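**Q** Chains as they are written, first to last, in numbering that gives the first Met the number 0: chain A, 0 to 320; chain B, 0 to 258; chain C, 0 to 230.
Please keep in mind that the hints were generated in silico from the structure rather than gathered at the bench. A portion of the hints provided could be inaccurate.
Said to hold, decoys possible - Not close to chain A: a few residues of chain B, all C-beta gaps over 12 Å, as computed:
(1) S27
(2) D60
(3) D86
(4) E89
(5) E110
(6) Y114
(7) E143
(8) L185
(9) L196
(10) M232
Unchecked claim - Result set (DSS-like, lysine-lysine): computed pairs, CA atoms no more than 30 Å apart in a straight line:
(11) B:K247 x C:K47
(12) C:K7 x C:K44
(13) A:K200 x B:K66
(14) B:K247 x A:K200
(15) A:K210 x B:K124
(16) B:K145 x A:K316
(17) B:K203 x A:K319
(18) A:K319 x B:K124
(19) B:K100 x A:K119
(20) A:K316 x B:K66
(21) B:K247 x A:K313
(22) A:K319 x A:K210
(23) C:K150 x B:K247
(24) A:K313 x B:K12
(25) C:K217 x C:K44
(26) B:K66 x A:K119
(27) B:K136 x B:K66
(28) C:K89 x B:K247
(29) A:K200 x B:K124
(30) B:K130 x A:K319
(31) A:K119 x A:K27
(32) B:K203 x B:K145
(33) A:K210 x B:K36
(34) C:K47 x C:K7
(35) C:K217 x B:K36
(36) B:K247 x C:K103
(37) C:K48 x C:K103
(38) B:K203 x A:K316
(39) B:K124 x A:K313
(40) A:K319 x B:K136
Nothing here was measured: the structure is a model prediction, and the numbers come from that model. Just so you know, even glycine gets a beta-carbon here, dropped at the ideal spot from N, CA and C.
Chain by chain, the residues run as shown.
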Amino acid sequence: MTTETPVLQAPATASVLKNLDAVRAMIKRHKLNDYIFSVIGLLALVMALLTLLVLFSDLVMDGYARFNLEFLSEFPSRRAAKAGLLSAWVGSALVMLVTFLTAVPMGVAAGLYLEEYAPKNWFSDLIEINVTNLAGVPSIVYGLLALGLFVYILGLGQSILTAGLTLGLLILPIVIVSTRESIRAIPVAIREAAYAVGATKWQVVYDHVLKYSQGGILTGVIIGMARALGETAPIITIGALTFIAFLPPSPVTDVAPFINFEWLSSGFTVLPIQMFNWLSRPDHAFHINAAATGALIIIVTLLMNGTAIYLRYKIRKNIKW
Amino acid sequence: MINPTTPIKAESKDLNFFYSNGMQALKSVSMPLYENKITALIGPSGCGKSTFLRCFNRMHDLYPGNKYQGQIVMHPDNTNILENGVDPIEVRMRISMVFQKPNPFPKSIYENVAYGLRVRGVSNKRMLDDKVEEALKGAALWNEAKDRLQDLAFNLSGGQQQRLCIARALATDPEIMLFDEPTSALDPIATANIEELMSELKQKLTILVVTHNMQQAARVSDYTAYMYLGELMEYDETTTIFTRPSRKETEDYITGKFG
Amino acid sequence: MQSEHIFKQYDAELEAVRAKVLEMGALVELQIVDALESLVSGNTKLAKKVVNRDHEVNALEVQIDEDASHIIARRQPTAGDLRMVLMMIKTITDLERIGDEAAKVARFALKTSETDRLLAPRFVEIKAMAATARDMLHRALDAFARSDATKVIEIAHMDEEVDEQFQVAIRQLITFMLEDPRTISMSLEVLFVAKAIERIGDHAKNISEYVVYMVKGKDVRHISLEDNLLE
């Protein structure tokens, strides 16, 4: 077995020293490219942020007048000054709850199954492609699906339950993908170490895989929820009410059995719909309300994303990969 | 010369191994592991030594499509651990492994060592405490760790992490310990500590170690096996292999004429 | 040696040490020849040259020891390389002793030429012994240069020859001493010369045994000739 002996040209330093000026000019050119690119990148970033900032401040300035507690605790009314968001944000909160309960167990379980248990063949590849595609389906299509399936075929009515299920399906691909990604991030060495100590497959999945991917999964869930908060089209399609002056029945009552589920089948509205409703009125006063609602939605979205980032940081503190 | 009366802990008999893509990684490898001795596997990259090592704790079962042919028989019970009816989990409870890069779990030091016991259903705190202490002492880590058992394992240095992995593998009282290039990611002092540890551990159990570093094999092992392209080229006492190997291929590899 | 190391520098170092060993061997051989010549012909200048050259022999021994220990420290030689380095270290010890014995003979030559040369005819046996011993060394060095382990048998036979010749020389010297007691002190000196040459033969035999270990990994020292033949 012959090994190759290295063949060296004259040492590199010689060639640099010989053409020092040319080399310096070349380095200068390359650095100029660096600089130009970083300026372009910065410009693009600034423009994007500036646009968002301008929009947001516009909303805030328009809706400033309505930033007070009554806004949040009043029902909508025909008089703009008295119209409030109570039914809207309660509706949003309840719909988010159902969305969460729909998307998370199904999404995490599906992601877990696809990563850990499904055999790796063309079929599972097909599934993976389709799941990723689902994330790009327009939300109004989900609305149509919900209308046909949940409202009419299953007879669930135009209720919080239907809205929650629809949005849950909408964000399901996001949860599945982020579950799979966080599971994939776990190094093989950790799994092998767990198996090597004599753990069964389920022990490895439960004690290690699920535990270490919590951060990633949580981030995906919160991002999905933030998106669901602002979804309007599917909710309209399934028929959320636009002017309701009542709240869904409380889930907690003072009569046995202290929890009821009537609220699930109640009519409702959500923040984006309320905003849309106010916007479509000719009275300018309502537009102020709409602006305030818009600002509120953005603030809540930012808070949710911020929480996601913070939680992810905290959970991942112990993880070094 | 090998003393014929030394007891054998395990032996491979005509072991062949095929990866899922059809490649044959081991060709008819037959080799004993003497009890309470350290056996080293050396050979150039791709010779099959890690593949051979991982047959012993059925690591290959984790990846579908791999096929074993032949036997690995454990003594004194004469079980062929490669047989279909034998549960790999059971095998891994008798044979544990330490990996190349230290890979502690992202848990506390205590939990890392206790994990092997927990999966076996041990939950009594006192028993766990005792076993964890015993394992950490056995891995020469107790003094450095006893005041920080709840600390994250990742806060330990590289050499300490590897000793923690050894403690984790020790906690379950294995009969055989497999080391896959255990010091290739460590500095010389940490390496020396691990080698010293291995010499002590062999009093309690049997060790099979794969190493790229020939001097390490010479320092640490009692028996050495030289493998090349999936075949066992030569197996003998370490002193014989390093002073007068029988085969030219072994001599060429050991003296650095090839490899 | 056969194939090359991946570290070409290692090959170069081993070669350099081997070359030095052979150089030392050639020098020692020359010492033997010159020492005998100075004894037989009474050439005091040659005898002085031999005595002074012993310093060169010793210097080579020191150098080679140093080089060998460098190789051991840096290269951690194993198997064949290890055996070669170890045996070279032992070989130069024997070579250095041979050199000392040759210097002894040369010193005796210096003394003898000052006194009368009554014993000139007695040197015949010594000359024969010395020729055999020198031939032994030559063959042993040759065996080392060629990594030839087969020479040990013939060299062992030659050593027996030297021993016999030594016994003959002793008998003749005794006879001589009995005939003329005035020659006793001179005869004793001659005896010491003969002994020195006999030792040279032993050292040469040792070197041939080292070659066997180097090539085969088998230690044939302290094994009788018969057992050796059986291998």
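**Q** Next, verify each hint and record whether it holds.
**A** Hint check:
Remark: the non-interface label on S27 of chain B is consistent with the geometry, its nearest Cβ contact in chain A lying 23 Å away (cut-off 12 Å). Look at D60 of chain B: its CB is around 9 Å from the nearest CB on chain A, not clear of 12 Å, so calling it non-interface is violated. Distance to chain A contradicts D86 of chain B as a non-interface residue, since its nearest Cβ pair spans about 10 Å, not more than 12 Å. Not every C-beta of chain A lies more than 12 Å from that of E89 of chain B, the closest at about 8 Å, which undercuts listing it as non-interface.
With a least beta-carbon separation of about 10 Å from chain A, E110 of chain B fails to lie farther than 12 Å from that chain, contradicting its non-interface assignment. Not every CB of chain A lies more than 12 Å from the CB of Y114 of chain B, the least distance being 6 Å, so the non-interface label is violated. With a cut of 12 Å on Cβ distances, E143 of chain B stays outside the contact zone with chain A, its closest approach being about 20 Å. With a least beta-carbon separation of about 15 Å from chain A, L185 of chain B lies farther than 12 Å from that chain, consistent with its non-interface assignment.
The beta carbon of L196 of chain B is kept farther than 12 Å from every beta carbon of chain A, the shortest such distance being approximately 18 Å. The non-interface label for M232 of chain B is consistent with chain A: the shortest C-beta to C-beta separation is roughly 14 Å, beyond 12 Å. Restraint check for K247 of chain B and K47 of chain C: the C-alpha separation of about 50 Å exceeds 30 Å, so the hint is violated. Between K7 of chain C and K44 of chain C, the direct Cα distance comes to roughly 45 Å. Violation of the 30 Å bound is thereby established for this hinted pair.
Distance restraint check for K200 of chain A and K66 of chain B: the Cα-Cα separation of roughly 20 Å lies within the 30 Å cut-off, and the hinted pair is therefore satisfied. With a CA separation close to 46 Å, the supplied pair K247 of chain B and K200 of chain A exceeds the 30 Å bound. As the CA atoms of K210 of chain A and K124 of chain B are separated by approximately 22 Å, the hinted pair is consistent with the 30 Å bound. For the given pair, K145 of chain B sits about 23 Å from K316 of chain A by alpha-carbon distance, which is consistent with the 30 Å threshold.
With a C-alpha separation of about 34 Å, the suggested pair K203 of chain B and K319 of chain A falls outside the 30 Å cut-off, and the hint is violated. Of the supplied pair hints, the one linking K319 of chain A and K124 of chain B holds, its CA atoms being roughly 28 Å apart against a limit of 30 Å. For the hint pairing K100 of chain B with K119 of chain A, the CA-to-CA distance comes to about 27 Å; that is within 30 Å, so the pair holds. At most 30 Å may separate the alpha-carbon atoms for a hinted pair to count; K316 of chain A and K66 of chain B exceed this at roughly 40 Å.
At most 30 Å may separate the alpha-carbon atoms for a hinted pair to count; K247 of chain B and K313 of chain A exceed this at roughly 59 Å. Under the criterion of a C-alpha separation no larger than 30 Å, the hint pairing K319 of chain A with K210 of chain A is consistent with the structure, at around 14 Å. Taken as a hint, the K150 of chain C and K247 of chain B pair is honoured in the structure, with Cα atoms around 23 Å apart against an allowance of 30 Å. Between K313 of chain A and K12 of chain B, the direct Cα distance comes to roughly 51 Å. Violation of the 30 Å bound is thereby established for this hinted pair.
Restraint check for K217 of chain C and K44 of chain C: not satisfied, since their Cα atoms lie roughly 45 Å apart, outside the 30 Å limit. Taking the CA atoms of K66 of chain B and K119 of chain A, the gap is about 18 Å. The hint holds against a cut of 30 Å. Distance hint between K136 of chain B and K66 of chain B is unfulfilled; the C-alpha atoms sit about 38 Å from each other, more than 30 Å. For the suggested pair K89 of chain C and K247 of chain B, the alpha carbons sit about 25 Å apart, so the restraint of at most 30 Å is met.
Of the pairs offered as hints, the one joining K200 of chain A and K124 of chain B holds, with about 25 Å between alpha carbons and a cut-off of 30 Å not exceeded. For the suggested pair K130 of chain B and K319 of chain A, the alpha carbons sit about 27 Å apart, so the restraint of at most 30 Å is met. Between K119 of chain A and K27 of chain A the CA atoms are separated by roughly 51 Å; this puts the pair beyond 30 Å, and the hint is violated. Proposed proximity of K203 of chain B and K145 of chain B is supported: the alpha carbons are some 23 Å apart, at most 30 Å.
As the CA atoms of K210 of chain A and K36 of chain B are separated by approximately 39 Å, the hinted pair breaks the 30 Å bound. Restraint check for K47 of chain C and K7 of chain C: the C-alpha separation of about 43 Å exceeds 30 Å, so the hint is violated. About 27 Å separates the Cα atoms of K217 of chain C and K36 of chain B, which keeps this hinted pair within 30 Å; it holds. The straight-line distance between the Cα atoms of K247 of chain B and K103 of chain C is roughly 45 Å, outside the 30 Å bound, and the hint therefore fails.
Of the pairs offered as hints, the one joining K48 of chain C and K103 of chain C holds, with about 13 Å between alpha carbons and a cut-off of 30 Å not exceeded. The straight-line distance between the Cα atoms of K203 of chain B and K316 of chain A is roughly 38 Å, outside the 30 Å bound, and the hint therefore fails. A hinted pair counts as satisfied when its Cα atoms are at most 30 Å apart, and K124 of chain B with K313 of chain A qualifies at roughly 28 Å. Between the alpha carbons of K319 of chain A and K136 of chain B the distance comes to roughly 26 Å, so the proposed pair stays at or under 30 Å and holds.
Comparing the model with each earlier hint shows violations of hints 2, 3, 4, 5, 6, 11, 12, 14, 17, 20, 21, 24, 25, 27, 31, 33, 34, 36 and 38; every other hint is respected.
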